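Go ahead and model the full structure; you've got the sequences and the hints to work with.
The sequence shown begins at 8 in the numbering used here and counts up by one.
In case anyone wonders, no lab produced these hints; they're calculated from the structure. In this text the structure is predicted, and so the values were computed from the model without any measurement.
What follows is a set of in silico ranges between Cβ atoms, one per label pair, in the way DEER data are often shown:
(1) Leu62 x Gly36: 28 to 38 Å
(2) Arg120 x Gln68: 15 to 25 Å
(3) Lys22 x Val154: 25 to 35 Å
(4) Ala14 x Gly36: 42 to 52 Å
(5) Ala158 x Asp35: 17 to 27 Å
Cβ atoms here follow ideal geometry from the backbone N, Cα and C, with glycine treated the same way.
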Amino acid sequence: MTTTDFATYIAGLPKIISGANTLFRSADGRILIVEPNYRDDGTWTLPGGTIESDLNETPRQAARRESAEEIGLDIEPGPLLAVDWVTGPGRPPLASYLYDGGVLDETRLAAVRLQEKELDSWKLVPADEIDSYFSPGAARRVHAALVALAAGAGPVELENGHRAGVN
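In structure tokens, the structure reads:
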């Protein structure tokens, strides 16, 4: 296969979008969420964003970079908690990676600084309030990650926020 043939082959392959987020918690178990200013639906999210795969960025690197950019905390992500294959109308599928950001003490919480270009605010919310802030699929992803974290289990495989392979 020539270089031109290979480039044509690669250009014809299916495409996906990939993103990475980090689940940060307070000592009392609340979850750090952020309010994006670029969404029309009013939903919040976890710190994170698009993986810059064209620059050879890995999901873990993206989670760290996005957290540093969005909330000013440059913290190495902990274990991978969940991978979610998310389909939606009008776009390619999304592979979403969710990492454990650990428990933030008062000093780290006081150091949170928002990237005002993309975010309007942040807050800590109890896990049982996530459904009020997130899209249904994102809320299911967070709940599944919290279950995996509490169980000390490996990452959970999800499809649109539901456990994969479970009927």
